[in-house]
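Novice: Sequence:
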Amino acid sequence: MSKLEPAVAVRQGMDRSLAGTVTMDASVKAGNQSINLTGKMDPAAKAIQVTGKAPGPMEARLIGDVAYIKSDSLNGDKPWMKIDLSKLKPTSSLRQSFDMKSQTGIIGGVVSAQEVSPGQYSGTADLGKAAEAAGTDGTRAGLESTAKLAKDPKAIPFEATVDKDGRLTALSYTIATKSLGDLVTDMKMNGFGEQVSVTAPPAKDTEAASEEMYKFL
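Residue numbering for the sequence shown follows our numbering, beginning at 2 and increasing consecutively.
Read the hints as simulated data drawn from the structure, not as lab findings. Treat the hints with care, as some may be off.
To be verified - With a straight-line cut-off of 27 Å between C-alpha atoms, the simulated DSSO-like cross-links for lysine-lysine are: (1) Lys149 with Lys216; (2) Lys71 with Lys41; (3) Lys179 with Lys152.
Fair warning: this is a prediction, and the values are worked out from it, not measured in the lab.
All chains should be modelled from the sequences, with the hints used to inform the complete structure.
Specialist: Structure (structure tokens):
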């Protein structure tokens with residue numbers, strides 16, 4: 002079996018990681034602010050469960066196009082808010098946050114990569130090219146808005162780890178921005194193939210998002 006070009010190994014590794022069930026730990030830091038999330042997902046079934054701090058404690062569940070979110074910042078009468086994602090614009094940041102490909106979309110724009118040690122890669126990505134390669138409008142819009150913030154959107158440094166089965170298990174990249182300092186994203190992926198089951202919270206603890214709320218989402 003011939004060895005893949007480094008850039009191809011990284012791109013294919015991302016696709017393989019998201020091909021089945023997976024657990025992802027992600028952190029995003031901007032200055033002294035940070036978001037830390039752990040998500041278990043079954044992309045084929047559109048089932049995702051996310052817990053973490055963003056910056057306060059939150060939990061989110063996605064079943065098909067219906068999202069349930071529990072967070073103090075929502076100020077609802079009940080613990081969980083029910084949101085129909087199909088009512089949101091493709092560019093909605095909430096909608097994008099449930100799209101794992103938008104979190105890892107930078108990989109579509111890899112322009113250079115080298116294997117620095119077995120399974121360890123480093124290189125640069127072009128956010129414009131990543132946006133062109135993006136499969137959904139939301140992913141594309143997210144990458145385009147990130148590109149506008151970046152000092153040099155054509156050369157975003159990244160590091161990635163690919164396991165012996167050709168799956169990406171770690172990805173980190175730093176976007177130097179014009180006004181927010183460095184945005185540092187760090188992801189780790191594991192639990193490939195483990196069963197993921199996501200259940201809706203009890204109806205008595207759930208309220209539907211108001212039409213007014215959808216304007217802000």
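Novice: Now tell me, hint by hint, if it's right for this structure.
Specialist: These are the hints, each one checked on the structure:
1. Lys149 with Lys216: Roughly 24 Å separates the two Cα atoms, so the pair holds.
2. Lys71 with Lys41: It holds: about 16 Å lies between the C-alpha atoms, which stays within 27 Å.
3. Lys179 with Lys152: 5 Å, holds
Of the hints listed earlier, there is not a single one the structure fails to meet.
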